[in-house]
Amino acid sequence: MPVEVRVPSVLQKVTQGEKLLRYDSGTVSELLAAIDTDYPGFREQLIENGELRRFVNIFLNDEDIRFLGKLDTPVADGDSIAILPALAGG
Amino acid sequence: MPVKVYIPTPLRSFTQTRAFVDASGADVAGALRDLEQRFPGLGARVFDADRNLLEELSVFVNSEEIGALSGVDTPLSDGDELSLIPAVAGGAVMKPEEVDRYSRHMIMDQVGPLGQRRITSASVLAIGAGGLGSPLLVYLAAAGVGTIGIVDFDDVDLSNLQRQIIHSTSDIGRPKVDSAADRIAQINPNVDVVKHRVPLTSENAMEIIPGYDIIINGADNFATRYLVNDASFFARKPLVDGSIFLFEGQVTTFIPEQGCYRCLYPSPPPPGMVPSCAEAGVLGVLPGTVGTIQATEVLKLILKVGEPLQNRLLLYDALAMDFRTVKIRRDPDCPLCGDNPTVTELIDYEAFCGSPFHEGAVSIPA
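Order-wise, the sequence lines are chains D and V. Going by the numbering used here, 82 is the number at position 82 of the first sequence; the sequence numbering is gapless. Convert by adding 90 to the 1-based position in the second sequence; the result is the number in the numbering used here.
Extracted from the complex, chain D is given alone in its bound form (with noise of 0.2 Å):
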């Protein structure tokens, strides 16, 4: 069972429209490395400087990576990874 990657509105003109991404475990470096494969520029728009954004979080299942081991969070199947940019509409 592999881990699912839901993909927030603003990136999915990186996904080509694609909501939910299905990817196997390892960590969420790995991961995110993964969909850049498949997805080119992806993982730009998450990382800088070898850290996640500051206005971006990834939850793996109902917990904030950032509380967990960061990007060397590991993930095994049947996870769910939600990544959450900052919204700013009213």
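Wrong hints could be hidden among the right ones.
Stated by the list, open to error - In silico DSS-like cross-links for lysine-lysine, where the CA-CA straight-line distance does not exceed 25 Å: (1) V:K185 / V:K394; (2) V:K417 / V:K390; (3) D:K19 / V:K417; (4) V:K417 / D:K70; (5) V:K185 / V:K390; (6) V:K417 / V:K285.
Think of the hints as simulated: they come from the structure by calculation, not from any bench.
Dock chain V against chain D, hints included.
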């Protein structure tokens, strides 16, 4: 004369939980004596030992308090409605119009007359009378929130009306605070609206925000979002935050000292990286859902019932029709509310965000 008598919740234990009962009398005193005989025990909650009306009880005939009529000698006519209204500690007596208007709240155990009094005594501040502000202002006004402040510097534009339901076509060109205040007065004239027709800035935020119990963020740009977060933290006010984009919404409630917007998003995206609603669009009904959830949070905070979205972020995806919550927490390294804060007063938010307190050069507020 047969009259109908409204029995308030605290006294319904004497009337088999009925809100309206029948009584008969030529005047108020007669009707109250009749009531006392029909419902044993009720008399002691209406009269004192000297047979005077208890001070904490107000009696209304139709919509008039009997003090303004002839007291207990006020004559009754067939079909009059008598209301017994207990005064509530610290607050004025609720008028019969209010008793009727809020009856669906008052009969709920979780609200009741005391909860409704909390609502009518509350003051809340809405940042923005736009997409999110529209529905939440309508519902909070309808619920009877006593004082509603609105901060908005914009005028109503035709392109707003696809989602900003507090404004109408005839309001185009008017200040949004005026248009919103007029609509609120139509919905509930008991609400006191305070119009702040200014851009919220580091200079005026601490003059406005500390005057309210609860702050609601419906801003359309990052600079204002960080400003409202910081000012609410410094003023020790709960902040009900909502934001929207395309088909997605996020809602959470920040309680002072238990995490803030900066704990969640330490810094804003660089200008141009995340498009605004004006640039990318927003489904018109999306702010309706998100703003209504914000209003729900506000009422729960006022009533002190249920579990607020505290340390939880609600994510709404309208396309998938998916609601989920994720855990968020106070960051000990937060520059504002962390253990060693570096932001100790309001800063220059336009410089911090690299963008103005507005959605862009040709701005169409979300």
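Inset, instruction - Compare the distance between the alpha carbons of V:K185 and V:K394 with 25 Å, and conclude whether the hinted pair is satisfied. - result: Status holds; Cα separation ~24 Å.
Inset, instruction - Given the hint that D:K19 pairs with V:K417, test it: the Cα-Cα distance must not exceed 25 Å. - result: 22 Å, holds
Inset, instruction - Mind checking the alpha carbons of V:K417 and D:K70 for me, to see if they're no more than 25 Å apart? - result: 15 Å, holds
Legend entry - Agreement of V:K185 and V:K390 with the hint, judged by alpha carbon distance not exceeding 25 Å: This hinted pair holds, its Cα atoms lying about 24 Å apart.
Legend entry - Pair hint outcome, V:K417 versus V:K390 [Cα-Cα no greater than 25 Å]: 20 Å, holds
Legend entry - Given hint V:K285 paired with V:K417 - CA-CA distance at most 25 Å: 35 Å, violated
Of the numbered hints given earlier, the model fails hint 6 alone.
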